[in-house]
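Okay, here's what each chain looks like letter by letter:
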Amino acid sequence: MSIKDFTPSRRQLLSAIGTTAGSAAAMQAMAVLGHAAESRFTGPPQLTGTRKGASVLVLGAGLAGLVAAYELNKAGYKVRLIEYQGRPGGRNWSLRGGDTHVEVGGAVQKVEFAPGNYLNPGPWRIPHHHKTLLHYCRLFNVALQPFIQMNHNAYVHQTDAFGGKPMRYKEVATDFKGHVSELMAKAINQGSLDDKVSKEDKERLLEAMRSWGVLDKDMAYTSSLKVSAQRGYDLPPGGGVGGAPTPSAVASLSDMLDSKVWNQMGFYFNYVMQTTMFQPVGGMDMVGKAFAREVDHLITYNAKVTKIAQNAKGVTVTCEDMATGAVSEAKADYCVCAIPASVLSQIEMQAGDKMLASLKAVNYSASVKTGLEFKRRFWEEDEAIYGGHSFTNQPISLISYPNYNFFKDGPAVLLGSNAGGLGGSLLGGMEPAARIEAILAQGEIIHPQYRQEFMSGVSVAWGRVPWNMGGFSRWSDEARKDHYANMIAMDGRIVLAGEHASYIGGWMEGALTSAIDAITRLHKRTQEA
Amino acid sequence: MIAGRQTGFGLALVALGVLGISGPSIADAPGAGGTMVEKPVTGEQIYRQICQACHLADGKGGAGAGKFPALANNPRMAVAAYPISVVTRGKGAMPWFSNMLNPVQVAAVVGYVRINFGNNYPAPVTEADVKQFGAPPPKPEE
Numbered sequence: 001m002s003i004k005d006f007t008p009s010r011r012q013l014l015s016a017i018g019t020t021a022g023s024a025a026a027m028q029a030m031a032v033l034g035h036a037a038e039s040r041f042t043g044p045p046q047l048t049g050t051r052k053g054a055s056v057l058v059l060g061a062g063l064a065g066l067v068a069a070y071e072l073n074k075a076g077y078k079v080r081l082i083e084y085q086g087r088p089g090g091r092n093w094s095l096r097g098g099d100t101h102v103e104v105g106g107a108v109q110k111v112e113f114a115p116g117n118y119l120n121p122g123p124w125r126i127p128h129h130h131k132t133l134l135h136y137c138r139l140f141n142v143a144l145q146p147f148i149q150m151n152h153n154a155y156v157h158q159t160d161a162f163g164g165k166p167m168r169y170k171e172v173a174t175d176f177k178g179h180v181s182e183l184m185a186k187a188i189n190q191g192s193l194d195d196k197v198s199k200e201d202k203e204r205l206l207e208a209m210r211s212w213g214v215l216d217k218d219m220a221y222t223s224s225l226k227v228s229a230q231r232g233y234d235l236p237p238g239g240g241v242g243g244a245p246t247p248s249a250v251a252s253l254s255d256m257l258d259s260k261v262w263n264q265m266g267f268y269f270n271y272v273m274q275t276t277m278f279q280p281v282g283g284m285d286m287v288g289k290a291f292a293r294e295v296d297h298l299i300t301y302n303a304k305v306t307k308i309a310q311n312a313k314g315v316t317v318t319c320e321d322m323a324t325g326a327v328s329e330a331k332a333d334y335c336v337c338a339i340p341a342s343v344l345s346q347i348e349m350q351a352g353d354k355m356l357a358s359l360k361a362v363n364y365s366a367s368v369k370t371g372l373e374f375k376r377r378f379w380e381e382d383e384a385i386y387g388g389h390s391f392t393n394q395p396i397s398l399i400s401y402p403n404y405n406f407f408k409d410g411p412a413v414l415l416g417s418n419a420g421g422l423g424g425s426l427l428g429g430m431e432p433a434a435r436i437e438a439i440l441a442q443g444e445i446i447h448p449q450y451r452q453e454f455m456s457g458v459s460v461a462w463g464r465v466p467w468n469m470g471g472f473s474r475w476s477d478e479a480r481k482d483h484y485a486n487m488i489a490m491d492g493r494i495v496l497a498g499e500h501a502s503y504i505g506g507w508m509e510g511a512l513t514s515a516i517d518a519i520t521r522l523h524k525r526t527q528e529a
Numbered sequence: 001m002i003a004g005r006q007t008g009f010g011l012a013l014v015a016l017g018v019l020g021i022s023g024p025s026i027a028d029a030p031g032a033g034g035t036m037v038e039k040p041v042t043g044e045q046i047y048r049q050i051c052q053a054c055h056l057a058d059g060k061g062g063a064g065a066g067k068f069p070a071l072a073n074n075p076r077m078a079v080a081a082y083p084i085s086v087v088t089r090g091k092g093a094m095p096w097f098s099n100m101l102n103p104v105q106v107a108a109v110v111g112y113v114r115i116n117f118g119n120n121y122p123a124p125v126t127e128a129d130v131k132q133f134g135a136p137p138p139k140p141e142e
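Respectively, the protein sequence lines represent chains A and B. When we follow the working numbering, the leftmost residue of the first sequence carries the number 1, and every step to the right adds one. When we follow the working numbering, the leftmost residue of the second sequence carries the number 1, and every step to the right adds one.
Just so you know, the hints here were simulated from the structure itself, not pulled from any lab data. There could be a bad hint or two in this list.
[Claimed, not checked] Heads up, simulated BS3-like pairs for lysine-lysine below, C-alpha to C-alpha not over 27 Å straight-line:
1) B:Lys139 to A:Lys110
2) A:Lys110 to B:Lys60
3) A:Lys110 to A:Lys331
4) B:Lys139 to A:Lys307
5) B:Lys67 to A:Lys360
6) A:Lys354 to B:Lys60
[Stated by the list, open to error] Facing chain A, a subset of chain B residues (Cβ under 7 Å, in silico):
7) Gln49
8) Gln52
9) Gly64
10) Gly66
11) Pro69
12) Gly90
13) Met100
For each residue, glycine too, the CB sits at the ideal point set by N, CA and C.
Let the hints inform the model, and build the full structure from the sequences given.
Now the structure itself:
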């Protein structure tokens with residue numbers, strides 16, 4: 001054995017530190033070793049020395065429950081996973097042609113999409129730093145493709161800007177930095193910043209403004225071919241006869257301000273919204289299905305949990321078979337409960353007041369996502385928009401274009417709404433047909449081709465999803481301070497998991513990291529018992 | 001009685017306006033800039049635009065893995081302080097709406113529910129009631 005064999009790789013070292021000293025220490029070590037703190041994930045949990053025969057009931061086969069079941073099973077626990085629905089994945093979900101969606105209140109939608117087309121009603125994009133999720137995608141061979149988050153050629157639309165005409169992002173974003181740069185240069189040249197900026201820095205700032213804002217020789221933002229090289233041309237450059245480009249006209253400062261484009265520019269700066277982003281090929285539910293392939297034999301589907309009891313010896317969960325109504329009991333040493341707080345807060349659970357109160361302290365979003373199928377990809381064919389989002393201040397909030405099957409003939413599905421807040425409750429409160437009509441009426445303002453090309457649509461109002469009773473969790477500062485620690489603390493033999501029990505609410509990464517943390521603590525408890 | 005009081009509501013309404021989501025976003029929120037929704041004025045308009053998304057158009061609520069409670073024929077509507085508190089503070093999975101509705105609007109929608117859906121509690125609900133029994137919106141996490 002050479003000396004080389006005694007030198008651990010960085011990964012082995014981190015893994016060892018993580019195992020012996022916990023993930024916080026591993027994080028510190030990562031920082032020392034020169035890794036940026038991109039993610040807390042240092043590798044899958046290392047659960048060793050499981051006591052023979054130890055058993056765990058996992059409730060809820062969303063991603064939190066699935067990863068808990070997978071890792072506990074791998075570690076040697078006797079695992080059973082109980083799920084309300086007839087499919088795995090929870091909010092990790094895709095709707096395809098032939099599927100049916102039934103809402104609270106009974107409204108039924110049949111999905112009529114062509115084969116290969118789908119709507120991801122829940123999670124739909126994966127940031128590059130959600131390393132836990134990416135780890136399991138890689139482990140289970142879930143093929144990923146780019147999710148086109150930023151598209152300079154998509155639209156920015158405000159009903160009261162530019163006469164209600166949608167503008168290309170590149171036009172208004174270029175105009176924004178141009179006008180702001182001109183004003184900044186004026187302020188510098190008029191001496192307004194003399195008491196704040198040194199002479200050298202003033203010169204450098206002026207150079208930055210001139211370059212970044214594409215200002216002219218008089219430090220003004222004016223129409224030119226140079227500016228058009230960013231915001232687009234009236235006539236773009238071509239070859240041969242008449243190949244010379246003609247510039248486009250910049251918008252006025254006031255018109256540009258009406259567009260409020262800084263919202264989009266700022267949006268793309270968000271840590272969770274930055275490129276690169278990914279999506280599974282074929283639909284987001286490929287993730288849940290991949291987990292289920294590993295643990296399907298452990299899952300009891302169509303079972304509604306009605307009671308969770310515990311004593312010094314173990315946990316007893318009462319379930320009702322959704323088809324037959326038959327009531328049964330399941331017993332285990334411990335319970336990982338990965339049912340969303342919106343539902344779990346309504347289930348009788350033998351836990352301390354603190355945990356029970358924590359479940360009532362988070363509220364849930366009620367956004368509305370809509371898939372619209374059109375006869376052709378007019379956004380690509382007519383408008384050169386390939387993936388990405390057009391934003392609007394109408395209740396639909398955005399139109400997002402498919403990131404797969406570019407240039408293909410035949411029907412394609414885009415995301416026709418991602419309505420939140422009042423827009424979400426407004427659309428969510430409508431019956432499905434009226435909802436689709438309202439969403440088409442808003443969308444056709446951005447794409448007049450809508451009515452001509454529309455085939456069918458399906459919308460998911462998260463306020464009416466019967467198995468989740470809401471969208472994703474939202475904490476207030478106050479609730480987080482008073483209740484978060486109580487939510488995640490193990491209560492006797494029960495530990496909770498899910499995106500609500502994380503600081504990454506509304507993301508699959510939150511569900512996974514919460515569950516891994518929960519089972520790591522549970523495992524430690526069994527070692528002490 | 002309610003209809004008479006509603007004539008004054010238009011003036012008292014603060015702009016519902018843009019529901020801003022600008023600035024840093026943590027959850028996978030819809031996107032940039034927020035959206036513009038027509039301002040609901042009457043109790044019925046507010047009910048249609050907000051409440052029926054979960055409590056359904058007929059106020060009877062609904063069930064799945066859990067329940068959205070019925071507001072219809074609900075004796076808990078008898079004391080206005082209760083629905084005022086729920087609308088402004090939220091309850092369980094239901095968020096607070098004191099960030100979207102001002103006290104006049106909360107009074108309007110609580111008043112509407114109290115005399116509809118089989119409820120018969122005609123005593124008016126006032127802005128003062130909302131200020132007394134309600135709560136300002138909690139600070140959402142950034």
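Comparing the hints with the structure gives:
{"no.": "1", "hint": "B:Lys139 to A:Lys110", "result": "violated (40 Å)"}
{"no.": "2", "hint": "A:Lys110 to B:Lys60", "result": "holds (24 Å)"}
{"no.": "3", "hint": "A:Lys110 to A:Lys331", "result": "violated (38 Å)"}
{"no.": "4", "hint": "B:Lys139 to A:Lys307", "result": "violated (33 Å)"}
{"no.": "5", "hint": "B:Lys67 to A:Lys360", "result": "holds (14 Å)"}
{"no.": "6", "hint": "A:Lys354 to B:Lys60", "result": "violated (31 Å)"}
{"no.": "7", "hint": "Gln49", "result": "holds (5 Å)"}
{"no.": "8", "hint": "Gln52", "result": "holds (4 Å)"}
{"no.": "9", "hint": "Gly64", "result": "holds (3 Å)"}
{"no.": "10", "hint": "Gly66", "result": "holds (4 Å)"}
{"no.": "11", "hint": "Pro69", "result": "violated (10 Å)"}
{"no.": "12", "hint": "Gly90", "result": "holds (5 Å)"}
{"no.": "13", "hint": "Met100", "result": "holds (6 Å)"}
Comparing the model with each earlier hint shows violations of hints 1, 3, 4, 6 and 11; every other hint is respected.
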